[in-house]
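In case you want the letters, here they are:
Protein chains: 2
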Amino acid sequence: MLDLKRLQRNLGYEFRDETLLVQSLTHRSAGARNNERLEFLGDAILGFEIAENLCREHPNASEGELSRARAQLVKRETLAGVARRLKLGDYLILGTGELRSGGQTRDSILSDAVEAIIAAVFMDADMESARALVRRILREEIAEISPEAQPKDSKTRLQEYLQAQGKSLPVYQVISVEGSAHEQQFVVECRASNLGITEQGEGASRRKAEQQAAYKVLAKIGVSDS
Amino acid sequence: MLDLKRLQRNLGYEFRDETLLVQSLTHRSAGARNNERLEFLGDAILGFEIAENLCREHPNASEGELSRARAQLVKRETLAGVARRLKLGDYLILGTGELRSGGQTRDSILSDAVEAIIAAVFMDADMESARALVRRILREEIAEISPEAQPKDSKTRLQEYLQAQGKSLPVYQVISVEGSAHEQQFVVECRASNLGITEQGEGASRRKAEQQAAYKVLAKIGVSDS
Chain B
1 MLDLKRLQRN LGYEFRDETL LVQSLTHRSA GARNNERLEF LGDAILGFEI AENLCREHPN
61 ASEGELSRAR AQLVKRETLA GVARRLKLGD YLILGTGELR SGGQTRDSIL SDAVEAIIAA
121 VFMDADMESA RALVRRILRE EIAEISPEAQ PKDSKTRLQE YLQAQGKSLP VYQVISVEGS
181 AHEQQFVVEC RASNLGITEQ GEGASRRKAE QQAAYKVLAK IGVSDS
Chain F
1 MLDLKRLQRN LGYEFRDETL LVQSLTHRSA GARNNERLEF LGDAILGFEI AENLCREHPN
61 ASEGELSRAR AQLVKRETLA GVARRLKLGD YLILGTGELR SGGQTRDSIL SDAVEAIIAA
121 VFMDADMESA RALVRRILRE EIAEISPEAQ PKDSKTRLQE YLQAQGKSLP VYQVISVEGS
181 AHEQQFVVEC RASNLGITEQ GEGASRRKAE QQAAYKVLAK IGVSDS
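Taken in sequence, the protein lines are chains B and F. Just so we're aligned, residue 1 is where the first sequence starts under the working numbering, counting upward by one. Just so we're aligned, residue 1 is where the second sequence starts under the working numbering, counting upward by one.
Hints were generated in silico from the structure; no laboratory data involved.
Chain B side only, calculated, beta carbon under 10 angstroms to chain F, not exhaustive:
hint, residue
1, Leu41
2, Leu54
3, Pro59
4, Phe122
Just so you know, even glycine gets a beta-carbon here, dropped at the ideal spot from N, CA and C.
Using the sequences and the hints given, assemble the complete structure.
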């Protein structure tokens, strides 16, 4: 076990009950007393704190703008970046299989641990301490976000474009999924049948592949980035 | 304007600033000072309170069971039911178009108003008052939920079945969308190509149509309700 004091300094929070911190760092591959339930709760605390923060700081943003900004702040990639700043990978407790396959560097495991730590602070202390932790570890990201300028993702833009034109919605279809469990590559087709345009996208997740396919359809239509 | 005192008695909360309550009842069709931003915030407060409540009351439920239970409690249909108990439809402030088309009886508008009221209480007082409101207005639903016994939805069950069999994922495709904006009827096809089974479902939303299609595929395979 590594020096949990250093991690607590990085978090700016000292646990009364360090077993909560240990549990928040324990992946389900390492045993029954793992961080899955904490992650469920931490996700909700994070979602609330970010929503409240955005509402307060951006009184003129629309609900859609706030939603997109929140999605940006709480998404897996953002939280994995926070985890890397905190060097969480050094502290994660993983089963041997996960350890061997590099689980401590994977976005999903890092991001889940961040959420679990937020809940661990809530359990160890109270809501205000957990909210303060969220503001502290996401300070840079929160400071940089500007809800009014969040670009819409390609799928949303394509859908809105087609709806505005009175056309039917695009159809996404998974063409292939290749690779082992943690390195899957998806190929997805996006068909805008009214326009007679079909494009394929690929990516490490179905969502990413769909976005790329939608992006290509938009490019073909000639809809510029908003 | 109706008697807001009666509504506040039903909510078990008296506003210091009644304009917040009025704003939470105002649909976007009725003007710029509407409930959209409040709904965004209220959704997050609701999500947190339900998550925390479920974690506390069900210490042995898995993360998956907690997630399904929360989804059940915060979904549109559940919140619309709460709104009807509170007779919220009588108090909603809608634009004339929405009023004429019966917006005050629509699940989405009712459900959004419930979330907005939760945020209005938070703004009027504090987090604890908002959380207490959630527990009060959802008391019956919270008491009845048993996370360990949430049936999985048909799409989830079909996906898990196919994955367990090592088959490729089912493909959903919208076949048609008919009707005007608020009364659309979706027909969706679910194709489990490895099994050579294709079924169609229909419903008032794409999600419902997909669920029905998945349900029919499950029935054809002979997978019983879990």
